[in-house]
Structure formats: C-alpha cells, structure tokens
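So the sequence lines, in the order shown, correspond to chains A and B.
Per the numbering used here: the first sequence ends with 689, consecutive numbering throughout.
Per the numbering used here: the second sequence ends with 689, consecutive numbering throughout.
Simulated from the structure, these hints should not be mistaken for lab results.
For each residue, glycine too, the CB sits at the ideal point set by N, CA and C.
Do not rely on the hints blindly, as some may be mistaken.
[Claimed, not checked] Partial list, computed: chain B residues near chain A (C-beta under 8 angstroms):
1. M124
2. K127
3. I182
4. P190
5. E314
6. G345
7. R371
2 protein chains.
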Amino acid sequence: MRMSHMMFKTQKRVAAEAELPSHQLILRAGLARRLASGIYTLTPLAVRAIRRIETIIREEINAIGGQEALLPIVQPAELWQESGRYDAIGSDLARLNDRAGHPMILAMTHEEAVTDLARSVVESYRQLPQMVYQIQSKFRDEPRPRGGLVRLREFLMKDAYSFHTSQQDLDAYYEQVVEAYLAIFRRLELPVLVVEADTGMMGGKTAHEFMLLADGGEDTLIVCPTGDYAANQEIAVARKRLRAHGTADEALREVYTPGATTIAALCEGLSCAEEDTLKSVFYTSGDELILALIRGDLEVSEVKLRNLLGQDVRTLSKEEAAAFGLVAGYAGPVGLAAQARIIVDDSVAEAGNLISGANRVDYHLAGVTYGRDYSADAVGDIAVATPGMACVHCGTPLEERRGIEAANTFKLGTRYSESMNARYLDEQGVLQPLIMGCYGLGITRALACILEQHHDADGIIWPRSVAPFTHHLVVVGTDKEVCHAAETIYAALGERETLYDDRALSAGVKLKDADLLGMPLRITVSARSLAAGGAELRLLATSQMRMASLEDTTSVARELAAHRADESAGV
Amino acid sequence: MRMSHMMFKTQKRVAAEAELPSHQLILRAGLARRLASGIYTLTPLAVRAIRRIETIIREEINAIGGQEALLPIVQPAELWQESGRYDAIGSDLARLNDRAGHPMILAMTHEEAVTDLARSVVESYRQLPQMVYQIQSKFRDEPRPRGGLVRLREFLMKDAYSFHTSQQDLDAYYEQVVEAYLAIFRRLELPVLVVEADTGMMGGKTAHEFMLLADGGEDTLIVCPTGDYAANQEIAVARKRLRAHGTADEALREVYTPGATTIAALCEGLSCAEEDTLKSVFYTSGDELILALIRGDLEVSEVKLRNLLGQDVRTLSKEEAAAFGLVAGYAGPVGLAAQARIIVDDSVAEAGNLISGANRVDYHLAGVTYGRDYSADAVGDIAVATPGMACVHCGTPLEERRGIEAANTFKLGTRYSESMNARYLDEQGVLQPLIMGCYGLGITRALACILEQHHDADGIIWPRSVAPFTHHLVVVGTDKEVCHAAETIYAALGERETLYDDRALSAGVKLKDADLLGMPLRITVSARSLAAGGAELRLLATSQMRMASLEDTTSVARELAAHRADESAGV
Numbered sequence: 119m120r121m122s123h124m125m126f127k128t129q130k131r132v133a134a135e136a137e138l139p140s141h142q143l144i145l146r147a148g149l150a151r152r153l154a155s156g157i158y159t160l161t162p163l164a165v166r167a168i169r170r171i172e173t174i175i176r177e178e179i180n181a182i183g184g185q186e187a188l189l190p191i192v193q194p195a196e197l198w199q200e201s202g203r204y205d206a207i208g209s210d211l212a213r214l215n216d217r218a219g220h221p222m223i224l225a226m227t228h229e230e231a232v233t234d235l236a237r238s239v240v241e242s243y244r245q246l247p248q249m250v251y252q253i254q255s256k257f258r259d260e261p262r263p264r265g266g267l268v269r270l271r272e273f274l275m276k277d278a279y280s281f282h283t284s285q286q287d288l289d290a291y292y293e294q295v296v297e298a299y300l301a302i303f304r305r306l307e308l309p310v311l312v313v314e315a316d317t318g319m320m321g322g323k324t325a326h327e328f329m330l331l332a333d334g335g336e337d338t339l340i341v342c343p344t345g346d347y348a349a350n351q352e353i354a355v356a357r358k359r360l361r362a363h364g365t366a367d368e369a370l371r372e373v374y375t376p377g378a379t380t381i382a383a384l385c386e387g388l389s390c391a392e393e394d395t396l397k398s399v400f401y402t403s404g405d406e407l408i409l410a411l412i413r414g415d416l417e418v419s420e421v422k423l424r425n426l427l428g429q430d431v432r433t434l435s436k437e438e439a440a441a442f443g444l445v446a447g448y449a450g451p452v453g454l455a456a457q458a459r460i461i462v463d464d465s466v467a468e469a470g471n472l473i474s475g476a477n478r479v480d481y482h483l484a485g486v487t488y489g490r491d492y493s494a495d496a497v498g499d500i501a502v503a504t505p506g507m508a509c510v511h512c513g514t515p516l517e518e519r520r521g522i523e524a525a526n527t528f529k530l531g532t533r534y535s536e537s538m539n540a541r542y543l544d545e546q547g548v549l550q551p552l553i554m555g556c557y558g559l560g561i562t563r564a565l566a567c568i569l570e571q572h573h574d575a576d577g578i579i580w581p582r583s584v585a586p587f588t589h590h591l592v593v594v595g596t597d598k599e600v601c602h603a604a605e606t607i608y609a610a611l612g613e614r615e616t617l618y619d620d621r622a623l624s625a626g627v628k629l630k631d632a633d634l635l636g637m638p639l640r641i642t643v644s645a646r647s648l649a650a651g652g653a654e655l656r657l658l659a660t661s662q663m664r665m666a667s668l669e670d671t672t673s674v675a676r677e678l679a680a681h682r683a684d685e686s687a688g689v
Numbered sequence: 119m120r121m122s123h124m125m126f127k128t129q130k131r132v133a134a135e136a137e138l139p140s141h142q143l144i145l146r147a148g149l150a151r152r153l154a155s156g157i158y159t160l161t162p163l164a165v166r167a168i169r170r171i172e173t174i175i176r177e178e179i180n181a182i183g184g185q186e187a188l189l190p191i192v193q194p195a196e197l198w199q200e201s202g203r204y205d206a207i208g209s210d211l212a213r214l215n216d217r218a219g220h221p222m223i224l225a226m227t228h229e230e231a232v233t234d235l236a237r238s239v240v241e242s243y244r245q246l247p248q249m250v251y252q253i254q255s256k257f258r259d260e261p262r263p264r265g266g267l268v269r270l271r272e273f274l275m276k277d278a279y280s281f282h283t284s285q286q287d288l289d290a291y292y293e294q295v296v297e298a299y300l301a302i303f304r305r306l307e308l309p310v311l312v313v314e315a316d317t318g319m320m321g322g323k324t325a326h327e328f329m330l331l332a333d334g335g336e337d338t339l340i341v342c343p344t345g346d347y348a349a350n351q352e353i354a355v356a357r358k359r360l361r362a363h364g365t366a367d368e369a370l371r372e373v374y375t376p377g378a379t380t381i382a383a384l385c386e387g388l389s390c391a392e393e394d395t396l397k398s399v400f401y402t403s404g405d406e407l408i409l410a411l412i413r414g415d416l417e418v419s420e421v422k423l424r425n426l427l428g429q430d431v432r433t434l435s436k437e438e439a440a441a442f443g444l445v446a447g448y449a450g451p452v453g454l455a456a457q458a459r460i461i462v463d464d465s466v467a468e469a470g471n472l473i474s475g476a477n478r479v480d481y482h483l484a485g486v487t488y489g490r491d492y493s494a495d496a497v498g499d500i501a502v503a504t505p506g507m508a509c510v511h512c513g514t515p516l517e518e519r520r521g522i523e524a525a526n527t528f529k530l531g532t533r534y535s536e537s538m539n540a541r542y543l544d545e546q547g548v549l550q551p552l553i554m555g556c557y558g559l560g561i562t563r564a565l566a567c568i569l570e571q572h573h574d575a576d577g578i579i580w581p582r583s584v585a586p587f588t589h590h591l592v593v594v595g596t597d598k599e600v601c602h603a604a605e606t607i608y609a610a611l612g613e614r615e616t617l618y619d620d621r622a623l624s625a626g627v628k629l630k631d632a633d634l635l636g637m638p639l640r641i642t643v644s645a646r647s648l649a650a651g652g653a654e655l656r657l658l659a660t661s662q663m664r665m666a667s668l669e670d671t672t673s674v675a676r677e678l679a680a681h682r683a684d685e686s687a688g689v
C-alpha cells in the first residue's frame with residue numbers, strides 16, 4: 119500500500135493521560151483515534167493487525183472443535199432477566215429503549231444469548247460436548263476507560279462457550295482451551311502467566327486469567343517465585359502468620375484509649391502489636407449491616423468477602439455508619455450480634471485475647487475471644503494476600519507483579535442452564551442441565567498487549583505473525599533512477615505485504631516514521647544504496663542488515679522474513 | 119464437521135409470518151434463530167457462508183483501493199449534531215444515555231464517523247483520492263423488520279466511503295465501485311439490476327440501488343423493457359400523456375357537485391375524464407401547510423415532493439385538515455395561496471381548464487387554470503411513474519418489477535464535509551471541502567438474497583462460492599463396513615470442507631436434511647453404494663451423478679466441484 123494515499127497520520131505529541139507505552143504508540147503511530155471516552159476508531163493499519171490476530175484465534179479455536187456463530191449485540195431485557203443479571207449488574211450494562219419502548223441492553227458478554235441458542239438446539243447427550251464462539255464488538259460501560267485500547271467501552275472480543283454432560287468433561291475441555299489460549303499467545307508473541315481469578319459477575323466456581331506482565335498493568339498478582347502458585351490479588355490465598363492464643367483466656371475488660379481511633383494509634387497507646395488487635399470493617403448489602411472481623415495486621419479482601427457471603431457488598435459511608443449507630447473508631451463485635459451479620463477471618467477464629475473497639479467513645483475491650491464473647495455467621499479466609507506472606511504450597515515468601523488481563527476462562531457449571539432452563543436428556547432419558555464453560559479473549563486488548571510488549575524508544579517492533587505489513591519500503595529522495603528502482607521493488611514484493619513510503623517527504627521524516635511504525639523488514643532505496651549495488655534490507659527485531667541487488671531484493675527479503683518467522687515459532 | 123456435534127437443528131414447521139422463501143429456508147435449515155423482532159442469532163452454518171461473502175467483498179473492494187478500518191458502533195450524540203442528522207432522523211436512530219448521562223447513539227451508518235476520521239488525517243490534495251471501508255454490525259431501529267434476514271434491526275454491513283478533490287474524480291471512482299459491486303454479485307451468483315434511487319437521509323444528489331428481482335421484494339421498480347431505464351418507483355420518471363389545454367381559457371365557474379368527494383365520483387357526476395380534474399393533496403412540514411396539485415389521473419410521489427421541497431413532509435391527518443379549515447373532499451387551490459405553500463406538478467402547469475374543489479361543500483370550480491387562477495411556490499415533477507407510462511428515453515411503455523435492495527451507492531458531494539468542516543488544501547493552497555461518495559452492501563441481506571435466488575422446493579442449493587461446506591457426506595445405516603468407509607472418506611476429504619452426517623438417524627431423515635441444507639456436492643455411502651463399487655456423488659445444482667471407488671472419491675469430488683466452480687465463474 120502506498121503511504122501517500124493511506125488513511126493514516128502520525129502524531130508527535132500525545133495526550134498527557136497516555137501513560138502506558140501501548141497507549142502512546144497507538145496515538146503516535148496513528149493506529150486509532152479517540153471518538154469518545156473508551157471509544158476509538160481503528161485505522162487501516164490497526165485493522166490489518168486485528169485481522170491477523172483474529173485469524174490466529176480462529177485457527178486455534180477451530181482446532182479444538184470451536185464452531186463460529188454470531189450472537190446479537192442488542193438484546194431484549196427479558197433475556198437478562200431470566201438469568202437474573204439484568205438487575206444484578208449495575209451501570210456497566212448499557213440500557214436503552216427501542217422505538218416501541220421495549221427495554222433492551224447492549225451485550226457486554228453473551229452467556230444468556232448462547233444459552234438461549236443451546237436450549238433451542240441441544241436435546242440429547244449425543245450432541246455433547248459442543249463449543250460455540252464468536253468474534254464481535256461488545257459494549258461495556260466502564261466507569262474508568264483507560265490505557266488507549268487496554269480498557270475500552272467498545273471493544274472487539276472472541277468469546278467462546280462450551281456445553282458438557284459432566285463436570286469431568288468440562289474440566290478436561292477447559293484444559294484444552296487453556297492450551298489453545300497458550301498457543302494463541304505464543305503466536306502473538308505474548309508471554310502470559312495463567313493465574314487463578316475471581317469469577318465475578320460471570321458466576322461459577324473456577325476462573326483463570328491470562329496475564330501479560332507489565333509495569334503499567336492494572337491488576338495486582340500474587341505469585342510464588344518457585345512457580346507453584348499465581349493468583350490475582352483479589353482472590354489470592356497465603357499462609358498467615360500464627361499468633362499464640364495465649365495459655366488461658368483472659369477476662370474481657372474495658373480499656374481507656376482516648377483518641378485511638380486507628381489500629382496504629384491503638385498499638386502505640388497500648389504498646390501492643392497490630393496482630394494483637396481485632397479490626398472491625400463494616401459493609402452493607404441492601405439494608406443489611408455486615409461486620410467483617412480480621413486481625414489488625416491484615417486487610418479485608420472485598421472480593422473474598424463477597425464470595426464467602428455469596429452476595430454483593432459495598433463499604434459503608436460515614437453517614438450510613440452513623441445511621442446504624444456505630445461509634446466511629448471504636449466499633450467492635452461484642453454486643454453487636456443483633457444488629458449486624460458477623461463474618462470472621464480464620465486468623466481471628468484461631469487467635470483469642472484480642473483488643474477490639476468497645477462500641478463506646480474512647481474505650482476498647484481487651485481479652486476479646488471468638489466463641490466466648492461473640493459468635494459469627496460465617497468463618498473463612500477474607501484476608502488480602504500480600505507480598506512477603508508465605509505460599510500455601512511451599513511456604514516461600516510470595517511476590518507481587520503487575521499485569522494486564524489478556525484473556526479469561528470460567529467454569530460456569532449450571533449457573534445459566536439452571537436459571538434459563540437449558541436441559542438435555544441424558545442416557546437414562548432424564549432431563550439434566552447443561553454444564554457450561556466460557557472463555558474470553560479481548561482482541562483490541564491483545565493488540566494493546568502486543569504494543570506493550572514489542573516496542574523500543576523509537577516505536578513499535580511488530581511480531582511477524584501480526585505485523586500489518588511484512589515489508590516497509592522507503593524511497594529516499596526524488597531522483598528518477600531511485601524512484602524507478604523503488605517502484606520496481608514495490609511491484610516485485612507485491613502491494614499486499616508492502617507498506618511503500620512514496621511520500622514527498624525528507625529522508626529523516628520517512629525513516630523516523632518507519633522506526634515508529636515498526637514493520638519487520640525495512641527496505642531502503644536511495645542514491646547511496648544504488649551506488650552500493652542495490653537496496654538495503656534491515657530486519658527490525660535483530661537489526662540484521664543485508665545489501666541486495668535490485669533483482670535479488672525479493673528473494674533476500676523472503677529469506678530474511680522466513681528467518682524471522684522461524685525465530686518467532688521458537689518463542 | 120460432524121453434524122452429530124453441530125450447533126444446528128432443522129425445523130419442520132415455520133412461523134406463518136415467514137412469507138419469503140429465504141425467510142422460510144433460514145428457519146427450516148436452522149441458519150438463524152430469532153431473539154427479538156429484527157434481531158437474530160446466526161448459527162455456525164450461516165456464519166460460514168457469511169465469512170465467505172465477506173472474503174469476496176474484501177477481495178473486490180481491496181482491488182479498487184479500499185482500506186479496511188473499523189468505526190465505533192456507539193457514538194456520541196454531538197457527532198451527529200454536527201451533521202444535523204441527530205435531529206433530522208427519527209426513531210430509526212437508536213439513542214441511549216451512557217452511565218454518565220451522556221447522550222449516545224447506535225450507528226446505523228457511518229458518514230459522520232468516517233468524516234471525523236478523514237478531517238483528522240487528510241490535509242492535502244496529495245493524499246486524495248482515498249477509500250475507507252469496514253465490515254460490521256449496525257443497528258437501525260426499523261419500524262417493520264421483515265423477511266427473516268432481509269430487513270433486520272441488527273445487521274451486518276460492508277460500508278465504504280470515498281474522498282475526492284473533484285466531482286469528476288468522484289464520478290470516475292463511483293463507476294469503479296459499481297463495477298466492483300457487479301463483480302461481487304456475479305461471484306455471489308446474484309443477478310442484480312442497477313436502478314436510479316432516492317438519496318434519502320444520506321443526502322447528496324445521485325444514488326443507485328442494486329436490486330435482486332424477487333416477487334416478494336419490498337421495492338417497486340419501474341423499468342423500460344428495452345433496458346435503457348430502470349429506477350426505484352420512489353423517484354422514477356416517465357413521460358406523462360399530454361392533455362390539450364383547450365383553444366382558449368374557459369372562465370372560472372362554480373359547479374354544483376353534491377357528494378362528489380372523490381375524483382371517481384366527480385368524473386361520474388360531470389361525465390369528464392380523470393385527466394380533466396385537478397387533485398389537491400395536503401401535506402405538512404412542521405407547522406406549514408403544503409398543497410400538492412396534480413392531474414386527477416396521476417398520484418403524488420411523496421419522495422419526489424420531499425426532494426423538490428428539500429424538506430421532509432408527511433400527509434395531513436383528518437384532524438389537522440379540519441384544524442386548517444380545509445373542506446374535506448372539496449379543497450382546491452383557488453383562494454388558498456395565503457394559507458398554504460402550493461407545489462404544482464408539471465402536468466398541471468401545462469394543462470389549463472381543469473376541475474378542482476371550490477373550498478365549499480358540494481361545489482367544484484371548472485375552468486381552473488394555472489397562472490391565471492392561482493400560482494405556485496414551485497413547479498416540478500412530483501408524479502408517481504406507473505407501468506404503462508412511456509419511457510422518457512425511448513417512449514416504450516414502462517413495466518413494473520419487484521426487487522430486494524442488495525446494495526446502494528451515493529454521491530454525497532460535500533453534504534458531510536461542509537457541515538463537519540472536513541477540508542484539505544488544494545494545489546493552490548486553498549482550503550476545499552472533501553467531495554465524498556458512500557457505498558453500502560448488506561451482508562446478512564446478501565445471505566437472504568442468495569437463499570431467495572438459489573433454492574427449490576426441497577431446500578437450498580448453495581452457490582459454490584459461498585456454500586458453508588463444499589461436500590455433504592451422508593452415511594446410510596449403521597453397518598460397520600459402511601461406517602468405516604464413510605470415516606475413511608471423511609478423513610480424505612478433510613473436515614474443513616465436509617459436512618459429515620454421522621447422526622444415528624434414518625436414511626430418509628438424513629437425505630431430506632441434505633436436500634434442505636443444499637451443499638454443492640453430496641456423497642452418499644451405503645451398503646448399496648458399496649455393493650455398486652464405492653460412493654455415490656451428486657452435484658446438487660445439475661443433479662449430475664457419478665459413482666466412485668472409495669480410493670477415487672476425493673479426486674472425483676474435486677473434479678466435480680471444480681467443474682461446478684467453472685460454471686459459476688461464467689454466470
């Protein structure tokens with residue numbers, strides 16, 4: 119393609135909010151143009167890369183039996199009412215009324231639509247397992263779109279859904295999907311880490327995320343350096359330091375603690391350790407008051423709390439706390455059972471004689487012991503795992519990483535088939551709910567991840583597998599002989615795989631743009647190169663250079679590009 | 119692909135509203151499932167055909183220099199306010215507020231978004247011409263979705279936009295697009311007729327539609343059987359019979375016409391011809407009353423009237439007519455100039471001495487003559503062209519056809535670049551608005567057109583170019599040797615191009631489904647075929663049959679399929 123007539127423009131200065139390298143590169147190289155917050159126009163260069171990413175995904179998903187379908191973006195509210203998500207999901211789900219006043223939604227994911235398809239088609243165990251996928255634009259009204267193409271409101275996604283007769287069959291197929299995903303990311307040259315993850319609004323019991331490690335990533339990961347554990351911090355587990363319970367239970371007694379409204383102040387005032395205190399954190403769910411209790415040296419994980427409760431929670435505002443009659447800075451569990459649902463972290467259940475708020479200004483209680491002084495509605499692990507805590511498998515101190523979520527997989531089980539009545543007849547002729555898995559891979563985000571991973575200070579360095587063009591042909595100067603040579607090479611290489619910079623611009627500008635755009639193989643034709651015998655070829659990823667005569671340029675280009683492809687295959 | 123595990127189900131009975139053959143076939147063959155009015159889930163068989171249609175479109179549009187981009191579906195209202203279409207388009211344009219309360223729309227077409235892209239990129243005449251296209255889902259909130267995939271609310275479309283420095287350059291490129299479209303439709307085996315069309319809400323001066331002739335088509339076409347004229351009836355022109363003006367103007371006189379509130383009753387009562395009468399048709403636009411006058415033997419074309427006025431109009435309700443003080447059945451132009459904007463068909467302007475309503479119950483006026491008794495704000499052709507009227511080019515009586523609009527092309531001119539300030543510097547360094555064209559081709563509709571065109575009573579007969587699979591392999595019976603033979607052939611043909619009916623169903627059901635699904639080449643393996651020497655091959659389109667030994671099946675299949683492909687190329 120001739121750059122002189124390409125819908126494309128590089129940009130020198132980019133918006134200050136573009137912090138991620140991929141965000142900067144998308145703007146600098148003119149791959150996308152922002153139309154609204156989280157909504158971008160993708161230009162032809164970006165779409166060429168996108169189509170290649172899609173082809174790789176289709177090949178790998180077809181190889182594990184995926185059938186490509188296409189589910190609607192605009193869907194009737196009733197469908198989401200059947201699953202219960204119409205009410206369960208907040209403003210992330212965009213809603214509109216159609217011309218007849220009928221409530222509709224813009225699909226951000228397609229469990230409901232695909233379950234509707236499956237229940238209309240699947241009648242017998244003989245038809246199972248099956249896997250359906252699609253590649254399509256989705257809209258999720260994110261509160262905080264960011265990072266250019268990393269977190270969009272409108273984004274391209276491959277979403278897949280599998281249907282099984284048993285949990286074992288789902289488990290086995292899930293592993294196949296994980297392998298297919300790893301194959302896709304190898305071909306995209308994205309080294310990803312598979313981590314355990316929250317199931318979130320999808321439901322189900324098990325989920326994994328495929329994380330590209332990146333400093334600017336918005337997810338925090340907790341990993342064991344030995345490689346035996348990796349999880350999103352939202353749900354990561356870790357061994358907690360044990361704290362001695364004390365030989366005998368102390369008596370409950372009031373302590374005067376003026377001004378000690380924080381754990382730090384309390385510890386300083388009483389000369390005790392954080393782990394000797396009991397932290398009370400209040401949440402609400404609907405009208406209900408929820409008190410989460412955890413040792414003072416730990417933090418409550420809202421995601422873990424939500425999963426333990428099986429319902430959504432949010433932190434209490436100051437106004438709400440006052441309305442419930444809570445004593446700010448001095449709240450505690452003793453005497454609060456009638457008023458709040460009490461959830462206790464396992465670290466607290468096993469350690470007695472803690473110091474908690476006395477529900478009275480300027481007073482704490484010492485000797486507070488679970489089971490004697492208060493009881494709980496549920497006990498479990500609700501603590502945030504942090505670096506330095508010990509791996510539950512091997513005891514090695516855990517580390518923290520930042521990552522960008524490139525894909526996710528969920529074992530949904532019967533979450534949707536039960537609520538939407540999607541059943542098949544088993545071998546005994548008994549109706550059973552379909553057992554489901556779902557698997558997402560963001561395509562616009564994959565593009566962002568590729569840029570995040572493959573660039574230097576000058577610009578992009580496209581992996582060969584997804585580069586918009588293999589060759590970038592730069593003609594330097596306007597000399598007739600040089601231009602003629604460039605046109606000859608362009609014709610020989612073919613316009614399909616060649617980005618041809620035929621613009622009437624200076625060599626400096628053109629070479630800088632070539633650095634920025636980062637096609638794998640650069641071919642430069644100038645008076646100097648002709649004098650030296652032909653064209654100069656340079657493999658961007660390795661800086662390997664070769665001169666070739668005009669006649670040999672195509673074959674040398676092919677040789678270099680093939681070399682590069684071999685290398686990529688080994689990544 | 120094995121049918122036993124395919125997300126697919128045929129249907130014996132289809133909904134009564136499925137009138138079009140394509141609509142029935144989509145439901146019977148399980149190609150799509152209705153989720154809501156005008157919103158369908160496309161199943162894997164349909165998506166395979168869709169992807170092939172898209173590939174053909176990409177190849178032909180790339181060949182004329184098209185650059186594939188991807189523009190957002192959800193767009194801010196401001197963008198459409200810039201062009202003026204946010205207010206100009208009614209409920210067809212779906213609107214929603216995002217979580218921040220910002221008004222957004224779902225794009226039904228992308229002139230605004232692509233003009234926004236072009237104004238950010240195109241600075242100089244040196245960058246022109248250019249053509250950008252995309253393939254994407256759109257949403258248009260149609261009041262009356264119909265015909266299965268023919269008129270959807272959510273549909274797949276290829277939309278393209280070109281940018282030029284002059285009308286001549288647009289004109290020349292427009293011809294290239296027309297040729298590319300014709301090449302696409304040849305490859306889809308859709309014989310289309312190119313007709314002149316209304317520019318509608320797109321604006322601009324010239325438009326064409328590519329029509330598949332079909333009895334169930336919702337568009338009426340007016341065509342000259344000699345082939346020198348074809349147009350959508352909305353804007354078709356025709357020679358009107360001349361009516362003698364009379365040697366001298368008669369005096370204006372009142373005639374008593376009790377009960378003659380229609381042209382027919384008037385003609386009967388006065389023993390005159392329809393063409394001797396003057397028909398008054400009232401419209402409104404905003405608060406304005408518009409009176410369209412036409413000879414009694416002709417009908418007013420609302421589209422032509424709207425185009426002549428350059429503004430939208432709608433017919434007056436009875437209540438509105440009464441509110442304007444019009445005398446129902448007896449309204450006429452004489453004395454109404456102060457109250458209504460008067461538009462006169464050219465047939466009226468050239469014929470005097472007509473009979474019109476007297477604006478008084480039970481009375482008409484005779485001798486009514488344009489220019490003497492009333493004047494007009496505009497004169498032009500606002501008549502509906504009907505079969506039997508004469509071709510404006512050759513005088514041959516015109517004929518009527520029904521058609522399905524498969525594609526359209528528009529010369530937009532500066533409709534969007536002026537309002538959205540999309541300008542480039544010309545050779546003299548002067549800022550000029552971009553001159554634009556736009557070109558739409560519905561992909562889900564193309565699928566419907568293919569089914570409409572290629573079927574018989576038993577089912578679909580896919581053109582080779584877009585068939586979901588080339589081969590349909592049917593194994594009859596459960597005999598071990600037969601199944602083994604079928605599996606061998608399946609492996610040899612390759613699963614990519616073979617739909618393999620391995621279901622444990624009767625021969626009758628499987629062959630009936632094969633007839634319904636209509637893949638180009640059927641291969642049947644049964645005890646009988648094995649006894650006769652191997653497999654039975656049948657080319658669906660020609661019913662050509664061949665027997666082949668198991669070893670030769672693949673090569674014979676290839677030969678037959680190639681033969682078919684050759685034939686298609688000649689269509």
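| Violations among the numbered hints | 3, 5, 6, 7
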